[in-house]
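**Student:** Below, each chain spelled out in residue letters.
There are 2 protein chains.
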Amino acid sequence: MEAYVLFSGGKDSSLSAIILKKLGYDVKLLTVNFGILDSYKYAQETAEILGLPHEVITLEREILEKSVDIILKDGYPSNGIQFIHKKVLEILADKYKILADGTRRDDKVPKLSYSEVQSLEMRKNIEYLTPLMGLGHRTIRKLVNEYFIISEKESEELPKSDYETEIRALMRLKGYDPLKYFPRHKQSRVIGLKKEI
Amino acid sequence: MEAYVLFSGGKDSSLSAIILKKLGYDVKLLTVNFGILDSYKYAQETAEILGLPHEVITLEREILEKSVDIILKDGYPSNGIQFIHKKVLEILADKYKILADGTRRDDKVPKLSYSEVQSLEMRKNIEYLTPLMGLGHRTIRKLVNEYFIISEKESEELPKSDYETEIRALMRLKGYDPLKYFPRHKQSRVIGLKKEI
Numbered sequence: 001m002e003a004y005v006l007f008s009g010g011k012d013s014s015l016s017a018i019i020l021k022k023l024g025y026d027v028k029l030l031t032v033n034f035g036i037l038d039s040y041k042y043a044q045e046t047a048e049i050l051g052l053p054h055e056v057i058t059l060e061r062e063i064l065e066k067s068v069d070i071i072l073k074d075g076y077p078s079n080g081i082q083f084i085h086k087k088v089l090e091i092l093a094d095k096y097k098i099l100a101d102g103t104r105r106d107d108k109v110p111k112l113s114y115s116e117v118q119s120l121e122m123r124k125n126i127e128y129l130t131p132l133m134g135l136g137h138r139t140i141r142k143l144v145n146e147y148f149i150i151s152e153k154e155s156e157e158l159p160k161s162d163y164e165t166e167i168r169a170l171m172r173l174k175g176y177d178p179l180k181y182f183p184r185h186k187q188s189r190v191i192g193l194k195k196e197i
Numbered sequence: 001m002e003a004y005v006l007f008s009g010g011k012d013s014s015l016s017a018i019i020l021k022k023l024g025y026d027v028k029l030l031t032v033n034f035g036i037l038d039s040y041k042y043a044q045e046t047a048e049i050l051g052l053p054h055e056v057i058t059l060e061r062e063i064l065e066k067s068v069d070i071i072l073k074d075g076y077p078s079n080g081i082q083f084i085h086k087k088v089l090e091i092l093a094d095k096y097k098i099l100a101d102g103t104r105r106d107d108k109v110p111k112l113s114y115s116e117v118q119s120l121e122m123r124k125n126i127e128y129l130t131p132l133m134g135l136g137h138r139t140i141r142k143l144v145n146e147y148f149i150i151s152e153k154e155s156e157e158l159p160k161s162d163y164e165t166e167i168r169a170l171m172r173l174k175g176y177d178p179l180k181y182f183p184r185h186k187q188s189r190v191i192g193l194k195k196e197i
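Each protein sequence line maps, in turn, to chains L and G. When the count follows the UniProt record's numbering, it moves up by one through the first sequence with no breaks and lands on 197 for the last residue. When the count follows the UniProt record's numbering, it moves up by one through the second sequence with no breaks and lands on 197 for the last residue.
Isolated chain L, as found in the complex (with noise of 0.2 Å):
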């Protein structure tokens, strides 16, 4: 069975990736790109670490703008984000039978909720996996230290193949400083592996 994982190169999308490899599914890395920034090449590296098959997924810019559009009137990031990942799981559902992401228990944002996982798989007859929903941060946390050598950074020093990443360069490109609307975060890179996954 092919599993198609969202994938940015981070800890999440890669525990992920490997959860569902070790599971026996026949794993694709997917990452999603709106032409602003070549910015998939990290995540191609990564997937190159991992030793999986990687695609990059282009998709319209318009998304990425309407994101932006949200984050200026907000004034803080996380609508913004959850939209264009709900829009982006919306397109992908389309062509891809089993999507994956790397969201986890303790996440905020990029979300969906109960309902919302149950109307994607229904209307979108696909099945919809997140298997660091049951872990918590303190597991995740253990686990990464144990598979990943990683690259821990500020956000705007570790450009990563995410969502924020592109969005944050948009915003540049418009004449707003990121800095005014993302809370200053750690951003992290899987850069190798500990052991054999």
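Keep in mind that a hint or two might mislead.
The list treats identical chains as one, so a pair stands whether inside a single copy or across any two.
Unchecked claim - Derived pair list, reagent style DSBU-like, types lysine-lysine, alpha-carbon separation capped at 35 Å: (1) Lys-95 with Lys-174; (2) Lys-142 with Lys-186; (3) Lys-22 with Lys-41; (4) Lys-180 with Lys-97; (5) Lys-195 with Lys-22; (6) Lys-124 with Lys-194; (7) Lys-108 with Lys-21; (8) Lys-124 with Lys-153; (9) Lys-194 with Lys-73; (10) Lys-108 with Lys-87; (11) Lys-174 with Lys-21; (12) Lys-180 with Lys-124; (13) Lys-66 with Lys-22; (14) Lys-174 with Lys-22; (15) Lys-153 with Lys-86; (16) Lys-21 with Lys-97; (17) Lys-97 with Lys-22; (18) Lys-66 with Lys-195; (19) Lys-194 with Lys-66.
For the record, the hints were derived by calculation from the structure and aren't laboratory data.
Add chain G to chain L, keeping to what the hints say.
**Tutor:** Relative to chain L, chain G alone:
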């Protein structure tokens, strides 16, 4: 890392155990018993099939009595089963640092809410893992079918090592008919492996 999985011999707790084993945990299976029946023996058989160490934890019959009181008062089993599961987790969390069970995304009871999970982990300084929480019923059915040979029958005909089997026995001992309180539903037990775990 040792992970202790609450284990009934059913497909959900078996699949949870397998996921944790594949992730690298040193998995130990725990079956709770309240001294009414020797129903733990079914879990012992399945544990042997899975090749995982198994322990029976005998807890006070009073907990089961209280659960039956709740069910008799309510006229339906969900609150009584929820009561017993939360009580069991509270007690085991004093002894085991990493506790897991087979709670699924689409389960209603027994299931801890997000704040109950947070509270359990923080108060007891443990990790509580529910590896099936990010998987829907269709995904679980496919995985179960891939890994296990199962026996599926009506509850009354398939004794298991779960709370329900002893609850039903205690109700009968007290002169009540479990069929008037439990909806008719299928139970399943893992009786063989289809592939190596």
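**Student:** Taking the numbered hints from earlier one at a time, note which ones the structure violates and give those numbers from smallest to largest.
**Tutor:** Violated: hints 4, 9, 11, 12, 13, 14, 18, 19.
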